[in-house]
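Protein chains in written order, with full-length UniProt numbering: chain A, 1 to 346; chain B, 1 to 345.
Simulated from the structure, these hints should not be mistaken for laboratory data.
A hint or two may mislead.
Pairs of lysine to aspartate or glutamate, EDC-like flavour, derived with a Cα cap of 20 angstroms [said to hold, decoys possible]:
(1) K216/B to D105/A
(2) K85/A to D20/A
(3) K149/B to D190/B
(4) K187/A to D105/A
(5) K187/A to E149/A
(6) K187/A to E216/A
(7) K147/B to E133/B
(8) K187/A to D215/A
(9) K262/B to D241/B
(10) K216/B to D277/A
(11) K309/A to D290/A
(12) K262/B to E284/A
(13) K147/B to D190/B
(14) K144/B to D168/B
(15) K149/B to D168/B
(16) K262/B to D257/A
(17) K216/B to E284/A
(18) K216/B to E283/A
Just a few of them, taken from the derived set where beta-carbon distance is under 8 angstroms, the chain A residues facing chain B [as the list claims (entries may be wrong)]:
(19) Q211
(20) Q214
(21) D275
(22) P276
All C-beta atoms in this analysis are idealised placements derived from N, C-alpha and C, irrespective of residue type, glycine included.
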Amino acid sequence: MNAELGQADTGTDPVLEAKDLVKHFPIQRGIVVKRTVGHVQAVDGVDLKLHPGRTLGVVGESGCGKSTLAKLLVGLETPTSGSIKLEGREIGNLSARRMRPFRRDVQLVFQDPYTSLNPRLTVGDIVGEPFEIHPEAVPKRGRAGEVKELLDMVGLSPDHINRYPHQFSGGQRQRIGIARALALRPKVLVCDEPVSALDVSIQGQVINLLQRLQDELGLAYVFIAHDLSVVRHIADEVAVMYLGKVVERGTGPEIYDHPRHPYTQALLSAVPVPDPDLRGHREEIVLQGDVPSPIDPPSGCRFRTRCWKATDRCAEEVPSLAVGDRGTHPTACFYAEERDVTHAVK
Amino acid sequence: MSETVRVIGDTLPGADFNAPLLEVDDLRVEFRVRGQRIPAVRGASFTLEQGRTLAVVGESGSGKSVTSQAIMGILDTPPATITGGAVRLHGVDLLEQSEETRREVRGNHIAIVFQDALSALNPLWSVGFQIGELFRVHRGTSRKDAKLKAVELLDQVGIPDAKNRVGDYPHQFSGGMRQRVMIAMALALDPEVLIADEPTTALDVTVQAQIMRLLKRIQAERNMGLILITHDLGVVADVADEVAVMYAGEVVERAGIRDAFKRPAHPYTKALLRAIPRVDTVGQELEVIRGLPPNPAKLPGGCPFHPRCFAAEDKCATEVPPWIEPAEFHGSRCHFAEEVYTDER
Numbered sequence: 001m002n003a004e005l006g007q008a009d010t011g012t013d014p015v016l017e018a019k020d021l022v023k024h025f026p027i028q029r030g031i032v033v034k035r036t037v038g039h040v041q042a043v044d045g046v047d048l049k050l051h052p053g054r055t056l057g058v059v060g061e062s063g064c065g066k067s068t069l070a071k072l073l074v075g076l077e078t079p080t081s082g083s084i085k086l087e088g089r090e091i092g093n094l095s096a097r098r099m100r101p102f103r104r105d106v107q108l109v110f111q112d113p114y115t116s117l118n119p120r121l122t123v124g125d126i127v128g129e130p131f132e133i134h135p136e137a138v139p140k141r142g143r144a145g146e147v148k149e150l151l152d153m154v155g156l157s158p159d160h161i162n163r164y165p166h167q168f169s170g171g172q173r174q175r176i177g178i179a180r181a182l183a184l185r186p187k188v189l190v191c192d193e194p195v196s197a198l199d200v201s202i203q204g205q206v207i208n209l210l211q212r213l214q215d216e217l218g219l220a221y222v223f224i225a226h227d228l229s230v231v232r233h234i235a236d237e238v239a240v241m242y243l244g245k246v247v248e249r250g251t252g253p254e255i256y257d258h259p260r261h262p263y264t265q266a267l268l269s270a271v272p273v274p275d276p277d278l279r280g281h282r283e284e285i286v287l288q289g290d291v292p293s294p295i296d297p298p299s300g301c302r303f304r305t306r307c308w309k310a311t312d313r314c315a316e317e318v319p320s321l322a323v324g325d326r327g328t329h330p331t332a333c334f335y336a337e338e339r340d341v342t343h344a345v346k
Numbered sequence: 001m002s003e004t005v006r007v008i009g010d011t012l013p014g015a016d017f018n019a020p021l022l023e024v025d026d027l028r029v030e031f032r033v034r035g036q037r038i039p040a041v042r043g044a045s046f047t048l049e050q051g052r053t054l055a056v057v058g059e060s061g062s063g064k065s066v067t068s069q070a071i072m073g074i075l076d077t078p079p080a081t082i083t084g085g086a087v088r089l090h091g092v093d094l095l096e097q098s099e100e101t102r103r104e105v106r107g108n109h110i111a112i113v114f115q116d117a118l119s120a121l122n123p124l125w126s127v128g129f130q131i132g133e134l135f136r137v138h139r140g141t142s143r144k145d146a147k148l149k150a151v152e153l154l155d156q157v158g159i160p161d162a163k164n165r166v167g168d169y170p171h172q173f174s175g176g177m178r179q180r181v182m183i184a185m186a187l188a189l190d191p192e193v194l195i196a197d198e199p200t201t202a203l204d205v206t207v208q209a210q211i212m213r214l215l216k217r218i219q220a221e222r223n224m225g226l227i228l229i230t231h232d233l234g235v236v237a238d239v240a241d242e243v244a245v246m247y248a249g250e251v252v253e254r255a256g257i258r259d260a261f262k263r264p265a266h267p268y269t270k271a272l273l274r275a276i277p278r279v280d281t282v283g284q285e286l287e288v289i290r291g292l293p294p295n296p297a298k299l300p301g302g303c304p305f306h307p308r309c310f311a312a313e314d315k316c317a318t319e320v321p322p323w324i325e326p327a328e329f330h331g332s333r334c335h336f337a338e339e340v341y342t343d344e345r
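When you get a sec, could you build the whole thing from the sequences and use the hints?
Below is the structure:
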């Protein structure tokens with residue numbers, strides 16, 4: 001079963017595991033009599049395994065399903081099919097009430113620190129709100145102290161407990177969002193584009209904070225981002241998504257230095273490198289057109305409409321995320337072939 | 001060529017073709033809000049020549065977008081006021097021109113591409129009509145001919161099947177395609193200077209690569225000057241010839257592309273470059289710039305960067321640093337520019 005993400009076995013059981021996860025959103029027409037005219041295939045058969053203390057990076061462009069995947073993992077969406085296991089227990093299809101105790105263990109950090117904090121609540125109320133929903137977590141009397149401790153943990157002054165979100169900068173707000181996510185002492189943090197709304201000088205501060213917290217608390221992260229260099233920095237393993245499917249996965253060096261899927265190669269080659277000496281010395285793959293609609297994705301391989309390697313076979317058969325012949329990392333392509341796109345070429 | 005010169009002479013009286021294409025000289029912009037004067041741009045200077053790309057780099061609030069709006073003459077006044085400096089196009093100070101002349105300059109000489117194409121385009125008119133509007137208003141072209149011109153432009157910016165898409169509305173285009181429409185509009189009157197204000201920030205990387213390639217191609221074809229306003233140092237390294245780094249409303253460093261990345265002379269530039277995650281930072285703590293960008297209403301004394309600076313000394317808090325040029329075409333507003341440049345700091 002080497003093909004599963006999380007193959008780098010740490011000797012422990014995975015804390016979070018998803019198998020063949022599918023989420024289709026029905027598109028309905030009609031006012032009185034609703035009929036379903038199609039489905040948005042947001043996530044279509046994703047497997048993943050996450051071990052304690054490890055970080056799984058998920059990269060892909062808008063519409064690839066990475067945010068839906070995040071919502072599925074924290075239980076904000078119910079999967080159409082497939083399973084999600086938290087420490088071996090199936091939680092994918094539980095009712096809202098039976099799901100509640102498990103929600104404590106998997107928490108979400110949102111992308112936009114401006115809209116994900118209620119402007120009418122003080123920081124203390126925001127960070128302490130999880131205790132209202134899970135009163136068993138911390139007794140009422142200890143909550144104020146706990147909130148102060150959380151603020152301190154994320155690098156904010158505990159004296160700011162009575163301030164409102166607008167009194168903080170973007171980076172500080174993201175820290176508030178992280179403190180809230182940590183309130184219930186979760187085992188897994190799903191971070192959906194946690195730094196993409198922040199300036200470069202502030203991004204680094206938040207990334208360092210996340211890494212420090214991981215070391216201190218033994219958290220496992222699912223780190224979703226479109227910025228490939230940030231993901232490379234923080235992730236132990238990386239999954240590349242395209243139109244609801246994982247097309248390639250492996251360790252950081254496997255994905256970044258030895259990409260095998262054409263889409264991964266195109267994605268990496270499109271990322272501008274902050275080194276003027278590499279200008280004109282890197283392989284450039286400029287894809288044609290846009291990502292097709294997930295309502296009616298291309299048959300066979302979903303990337304074939306933009307792929308330079310596509311043949312008739314790609315339209316007929318769906319490539320599976322298979323381990324390569326010589327034990328190379330899993331790539332969902334019939335013509336997978338390593339190609340260096342990040343380093344200078346002569 | 002002679003035809004272009006004639007057009008420029010018509011719309012920009014007094015143009016001197018020996019002067020630089022565009023020169024921004026100590027530009028100062030203030031916002032007056034509730035009786036308070038908040039400086040947004042506190043002395044921005046740079047020069048742009050034909051066929052060159054200047055990247056203006058800075059974080060949010062550094063004044064880079066306000067600078068571009070002042071060059072275009074599209075600042076909301078009030079609350080904004082231009083309190084000093086000059087914006088010279090072919091030697092003519094645009095800030096002293098009548099609104100009528102400025103209107104001629106916009107589009108004909110200087111055009112802008114905004115970040116968010118969806119809010120920059122009017123949702124109620126077809127893209128063809130909006131592009132054609134430029135020809136109808138500025139050139140008095142007939143509706144029919146304006147539409148033909150619009151098709152031609154859409155084709156040039158790589159919109160497939162332009163003939164049939166010219167009647168479509170902005171929402172019918174994808175993000176990348178909308179940005180192409182914006183570029184087509186900016187190019188319509190064949191400007192000499194194109195300002196691209198974060199043109200790819202809202203786009204995915206593979207689409208960003210398409211748009212940057214398009215901008216470079218068009219710039220080369222038309223020999224335009226391009227001002228690229230961005231916070232993405234990767235994009236800068238990929239396309240710019242020169243860089244101006246802005247911090248707290250000032251240009252703190254100006255240099256050729258290679259020098260700016262390899263031998264920065266301002267601690268802010270140096271720290272910014274170090275803060276980007278790279279291959280060799282994997283698994284390590286990132287170097288960060290401590291603290292936050294300053295509130296423009298309460299700027300620190302002396303050098304505005306000193307509270308966050310790794311090289312700061314006592315005098316940085318009291319004395320405003322001079323403009324020092326440690327090398328030719330390379331300047332920095334730092335007391336220790338020489339030492340930072342030679343890596344002694």
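Checking against the hints above, which ones are violated?
-> As far as the earlier hints go, 1, 12, 16, 20 are violated by this structure, in ascending order.
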